[in-house]
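Spelled out from the first residue to the last, the chains are:
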Amino acid sequence: MGHFIIRRLVSSILALLLIITFTFILVHMVPGGPFASEKQLPDSVMRNLEEKFHLNDPLWLQYVKYLGQVVKGDLGPSYKYENRTVNEFIRHGFPVSATLGALAVAIALVVGITLGIIAALRQNRWQDYLAMVIATIGFSAPSFIVASLLMFLFAYKIKIFPTAMWGTPAHAVLPSLALATLPTAFISRLIRANMIEVLQQDYIKTARSKGLSERVIIYKHALKNAILPVVTYLGPLIASIFTGSFVIEKIFAIPGIGRDFVIAITNRDYGLILGLTIFYAVFLMAMNLIVDLSYSLIDPRIKLTRGEG
Amino acid sequence: MAELLHLNDLRVHFKTFAGEVQAVRGVTFSVQKGQVVAIVGESGCGKSVTAHTIMKLIPTPPGKIISGSIFFDGEDLAPKTNEEMAKIRGKEIGMIFQDPMTSLNPTLTIGNQLGEVLKVHQGLTGEAVRLRMVELLKMVGINQPERRLKQYPHEFSGGMRQRVLIAMAIACNPKLLIADEPTTALDVTIQAQIMELLKDLQHQLQMSVVLITHDLGVVAGFSERVVVMYAGKVVEEGTTEEVFYNARHPYTWGLIKSVPRLNQDRSEPLAPIPGRPPDLINPPPGCAFWPRCGQAMKICTLHEPPEVVFSDGHRVSCWLEAEEVKKMSVKVAGV
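These protein sequence lines map, in sequence, to chains L and W. Under the numbering used here, the first residue of the first sequence carries the number 1, and numbering increases by one thereafter. Under the numbering used here, the first residue of the second sequence carries the number 1, and numbering increases by one thereafter.
Next up, chain W with everything else stripped away, as it sits in the complex:
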């Protein structure tokens, strides 16, 4: 498989009145052609900023790419200007957002908003635009597309709007689709439908997908690889199987344990990860997770953990997996 997207040591900061927020602190991962990669983590871990940075949609200022590169199809997007990015957005990379209720322009018809992508990137006009729009709406499962094109967003339900937004994102057959929590604002039955639709379209169009979510259930059935982020860093990455069944990082354990199970006794309380994520204006030295980690050692508070690579590109940043620590614990156990 060929590599489509490669983020290398990406750092993104935001200037605020309180200080500079280090939202993304050296993120590295790749997406192969036709592959689905999920980025998971709790709110504020930098997953959404990472996704927006790939499209260079973070507002600058206050946001700024401090260092690192975003290789897409062999080209670094990081130094590109807004005008250069406009040729890639919507054409090479499509994006769908969290809240379909507010993501469509309330004063323009669906046809107007869908058509402009085709006009700008594919130079289609008149009847060709209309035919393609009808085809796209059918692809995303919207009935009576001809009639729907003339309607305004307020005449659509949340799920239907997300379908329209998906149609816009895939209109030019992009190589990559970034889905930023596409189901968070929808109710559960609609969530499942939208995920099914995304799966179908991914197969059909053979596109790569970066799926941002904090819902591990959504990840399980869809993505090949999982990137776990915490406090602006990748703490664990691997195939979905590896990460789910052989998680190495205490934070990943916590995430998996906190998912409610259907067979769980109702009286049994949910298992949250205690504490809160650190302040990213002054991130603490050492591992950012240690104050919430049941396995924290002294070294975790002082030095950043090294990255340890296992089979299949399964990598984890945790002192528990570091060679030095392992040797020591064997010694202690042997006494």
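With the rest of the complex left out, here is chain L:
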């Protein structure tokens, strides 16, 4: 276990270094810069700005300096919002994105697992078809459509939730529903397929032959086996949802880091793009590590060894 974690940390650091390098090269390869806008700045102002952010240094020097900062945990300044650092953006935006994400993941798990179990137990009956129709719609409708539809229905037609913005619990309802649609659909399909397979296993027959109730058979014996693929999916899901769905945060004008990221790209804000990318990468890696560690808790046959790392 200890070896496994160390190995994973080392490979994560290498992967992170690659991500930083590629992102750094990419943002600098794109024509234009953070200070290019419709209004042409005077040359002297440009020179001062470049001086301030060391943009007139050779690229390799900028890269080395940037890496040095990142190692110290400083993701540098934003080029566009001169008095704010990337760390500040994350400090303000991430709690918002994480709250929204946690809600969406909770909805996806509860609704997805429930729908999946119902569909599996009523296989090829109307309950199954209904659940799978819902899942297919959720799977194929893009989140911005779902978001607009929810806004139209529950904020405009029936005025029970605010249309957009952030602050009160009511503000969180529509965006977290919109964000949860796709993972809910995915999880319900996953659980259905796995439950159907698991319920045909010999150990379920053994459980029945012991005189256990259907409830115990389904929730204790079947679900624990059927849930493993969901855990696999949960790692990247949590990472992508917690760090904010760009589209949803943009549509609902939620001050999370997803929205910040979109703004950073339109502004060619090198500092913010790089910083947020690194933050995403670290978060994703951490989530995947947690998921891998949790496998061995759910399925005792999985042992984390050096070889498998």
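Simulated from the structure, these hints should not be mistaken for lab results.
As a list, the in silico DSSO-like pairs of lysine-lysine whose alpha-carbon atoms are at most 27 Å apart:
id, chain 1, residue 1, chain 2, residue 2
1, L, Lys159, L, Lys250
2, W, Lys138, W, Lys199
3, W, Lys138, W, Lys119
4, L, Lys224, W, Lys91
5, W, Lys199, W, Lys33
6, W, Lys64, W, Lys15
7, L, Lys220, W, Lys87
8, W, Lys87, L, Lys224
9, W, Lys64, W, Lys80
10, W, Lys91, L, Lys220
11, L, Lys220, W, Lys119
12, L, Lys250, L, Lys80
13, W, Lys119, W, Lys80
14, W, Lys33, W, Lys80
15, L, Lys65, L, Lys80
16, W, Lys91, W, Lys80
17, L, Lys72, L, Lys52
18, W, Lys64, W, Lys87
19, L, Lys224, W, Lys150
20, W, Lys298, W, Lys326
21, W, Lys91, W, Lys138
22, L, Lys250, L, Lys157
23, W, Lys257, W, Lys199
24, L, Lys220, W, Lys80
25, L, Lys224, W, Lys119
26, W, Lys150, L, Lys220
27, W, Lys138, W, Lys33
28, W, Lys150, L, Lys303
29, L, Lys65, L, Lys52
30, L, Lys80, L, Lys52
Following the hints, put chain W in place on chain L, whose structure we already have.
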């Protein structure tokens, strides 16, 4: 001896895309208290479906009990609901299955899986459960039971898992144990150990056993009576001695002849029964065995054979034993 289980004209069908499979077509036999009865027959003859039907473990749908009754301890199980059956399963009737490798839940400890039977049926809790579990594991010959209870199935060998499954099946001192090919998936030396264990436990607990097998060697040392099934029907039934030494049905002869003997010359080929069992979606009229039977007569292809009863409840369904046919053959021989 009092009767514990009586199956009367049991019929079980399965709906499939190809049609309705008549897996069990009128099976009748009884098991007395404390008696061991073996059901033998080749794959697909309905022996396993019969066993699962006693516990009502066949999936419905596609399976369905079409008619007949399953009297257990004076009560008919056939009309019982799943909830009513749950009170009987594991408590009154225990069951062990063919493949111990897949019959235990891989994500739960042995103690968890064994303990739940005791909690559900006997209302035991805490320390009482643990003590009884240790006792049960000792009964089935598992060393260091305390440590083993905390382990998961993948830490056990096949033979050990079958022992655990046996412990689960006998945990509540059931009146009847159904063993559905308990040794088929194990290697030969382990097979013998498991059969020895079942024999010991049967003596110790004085329970009745229905042993499903296609291995006549397993039957010989254990069971008092043998039920021979073919194509969903009982073709011969009697004491083990009668059936082995005085078999009346050509199918039973074939089964006995096909068992390899130790003193057999290696160059001598094994003697299989030629052909294959009939399609049970459209079972043929007459005797289901006639296409594979060396003694088949015209009447076998047209009419179902009558059941003829000999001494000791030895009964056989074959035209060769029917009075009418016997009289005729005497006449022919006398000419």
